[in-house]
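Novice: Chains as they are written, first to last, in the working numbering: chain A, 1 to 115; chain B, 1 to 111.
Since the hints were made in silico from the structure, they are not lab data.
Some clues are possibly wrong.
[Unchecked claim] Only pairs whose alpha carbons sit at most 16 Å apart, straight line, appear in this in silico EDC-like list of lysine to aspartate or glutamate:
1. 11/A / 85/A
2. 11/A / 57/A
3. 44/A / 3/B
4. 1/B / 56/A
5. 62/A / 86/A
6. 1/B / 27/B
7. 1/B / 57/A
[To be verified] Derived CB-CB ranges, DEER-like:
8. 83/B / 64/A: 22 to 30 Å
9. 52/B / 58/A: 28 to 36 Å
10. 20/A / 51/B: 30 to 38 Å
11. 59/B / 16/A: 40 to 48 Å
12. 111/B / 52/A: 47 to 55 Å
13. 1/B / 38/A: 16 to 24 Å
14. 54/B / 22/A: 33 to 41 Å
15. 56/B / 16/A: 48 to 56 Å
16. 59/A / 28/B: 30 to 38 Å
17. 17/A / 14/B: 43 to 51 Å
18. 9/A / 5/B: 44 to 52 Å
[Said to hold, decoys possible] Interface residues of chain A toward chain B, partial, derived using beta-carbon atoms under 8 Å:
19. 7
20. 38
21. 41
22. 43
23. 55
24. 105
25. 108
Glycine included, every Cβ here is placed at the ideal spot set by N, Cα and C.
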Amino acid sequence: EAGVAQSPRYKIIEKRQSVAFWCNPISGHATLYWYQQILGQGPKLLIQFQNNGVVDDSQLPKDRFSAERLKGVDSTLKIQPAKLEDSAVYLCASSLDRGGNTEAFFGQGTRLTVV
Amino acid sequence: KQEVTQIPAALSVPEGENLVLNCSFTDSAIYNLQWFRQDPGKGLTSLLLIQSSQREQTSGRLNASLDKSSGRSTLYIAASQPGDSATYLCAVRNTGNQFYFGTGTSLTVIP
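Bound conformation, chain A alone (with noise of 0.2 Å):
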């Protein structure tokens, strides 16, 4: 079984540019979640979502942030424009969220560097 796919790996932009990175959860799942980890903190949850529908994204900052997962499958989280707090590792995870079985499964995440 295929696990959560990200890309770019690593990303380089300066301040005030934009940025957009992808996410292809595991086929089926319903639920897809962004993450934004900032060196040695927790994962802090931005956006998620149940097939496309958000359900929860109090924590994204929606001045800048965006996200949309079309037709219930990939995901793209963007930032317009950038600002050089936002250098972090970017985590997707998936989960099946079907007959109870909830264990979530996360991508190998996307560094962003913002300069």
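Using the hints, position chain B against chain A.
Specialist: Relative to chain A, chain B alone:
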């Protein structure tokens, strides 16, 4: 809002020792708790998942326990090896379907 705390923040042990990592959470209305391992520069690898109705789960040298009423979970690692060196994170899933992470315990096993 759920708060998840992990103690200690860092731990260094000699190879072969048994060790315990702690995770506490403030809201006992959880759906499940999951322990993850994170290697430097990598994503999270799921180790064990405990449903709210369970008391413990075991996988190889790992044993995770859950005491929902007191808001605590422990991860026990038996006979530690240098390859166990990583950051260990616990995450609590509440009944509203949100996941909350602790800040992790950085483990170093010295050969």
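Novice: Against this structure, judge whether each hint is valid.
Specialist: These are the hints, each one checked on the structure:
Distance hint between residue 11/A and residue 85/A is fulfilled; the C-alpha atoms sit about 14 Å from each other, no more than 16 Å. This hinted pair does not check out: residue 11/A and residue 57/A have alpha carbons roughly 24 Å apart, beyond 16 Å. Among the hinted pairs, residue 44/A with residue 3/B is consistent with the structure: their alpha-carbon atoms are about 12 Å apart, no more than 16 Å. A hinted pair counts as satisfied when its Cα atoms are at most 16 Å apart, and residue 1/B with residue 56/A qualifies at roughly 13 Å.
Between residue 62/A and residue 86/A, the direct Cα distance comes to roughly 13 Å. Compliance with the 16 Å bound is thereby established for this hinted pair. As the CA atoms of residue 1/B and residue 27/B are separated by approximately 8 Å, the hinted pair is consistent with the 16 Å bound. For the given pair, residue 1/B sits about 14 Å from residue 57/A by alpha-carbon distance, which is consistent with the 16 Å threshold. Take residue 83/B and residue 64/A: their Cβ atoms lie about 40 Å apart, and the range 22 to 30 Å is violated.
For residue 52/B and residue 58/A, the hinted distance range of 28 to 36 Å is not satisfied, since their beta carbons lie about 23 Å from each other. In this structure, residue 20/A and residue 51/B meet the distance hint of 30 to 38 Å, their C-beta atoms being roughly 36 Å apart. Checking the proposed 40 to 48 Å range against residue 59/B and residue 16/A shows it holds: the Cβ atoms sit about 46 Å from each other. The given range of 47 to 55 Å is respected by residue 111/B and residue 52/A, whose C-beta atoms sit roughly 49 Å from each other.
Residue 1/B and residue 38/A have their C-beta atoms about 19 Å apart, which keeps the hinted 16 to 24 Å range intact. Checked against the hint of 33 to 41 Å, the C-beta distance between residue 54/B and residue 22/A comes to roughly 35 Å, which is consistent with it. For residue 56/B and residue 16/A, the Cβ-Cβ distance of about 50 Å falls inside the hinted range of 48 to 56 Å, so the restraint holds. For the pair residue 59/A and residue 28/B, the supplied restraint of 30 to 38 Å is violated, since their beta-carbon distance comes to about 22 Å.
The hint said 43 to 51 Å for the Cβ distance between residue 17/A and residue 14/B, and at roughly 47 Å that hint holds. Residue 9/A and residue 5/B have their C-beta atoms about 31 Å apart, which leaves the hinted 44 to 52 Å range violated. The interface hint given for residue 7/A is violated, since its Cβ lies 13 Å from the closest Cβ of chain B, which is over the 8 Å cut-off. Residue-level restraint check for residue 38/A is violated (minimum Cβ-Cβ distance to chain B is 10 Å; threshold 8 Å).
Hint on residue 41/A holds. Least Cβ distance to chain B is approximately 6 Å, under the 8 Å limit. This hint holds: residue 43/A has a C-beta 5 Å from the nearest C-beta of chain B, less than the 8 Å allowed. Annotation: interface hint on residue 55/A holds; nearest CB of chain B at approximately 6 Å, less than 8 Å. A distance limit of 8 Å between C-beta atoms decides the matter here; for residue 105/A the minimum to chain B is near 6 Å, and the interface restraint holds.
Of the supplied interface hints, the one on residue 108/A holds, with its beta-carbon coming within about 4 Å of a beta-carbon of chain B, less than 8 Å.
Figure legend: structure checked against the earlier numbered hints; hints not met, in rising order: 2, 8, 9, 16, 18, 19, 20.
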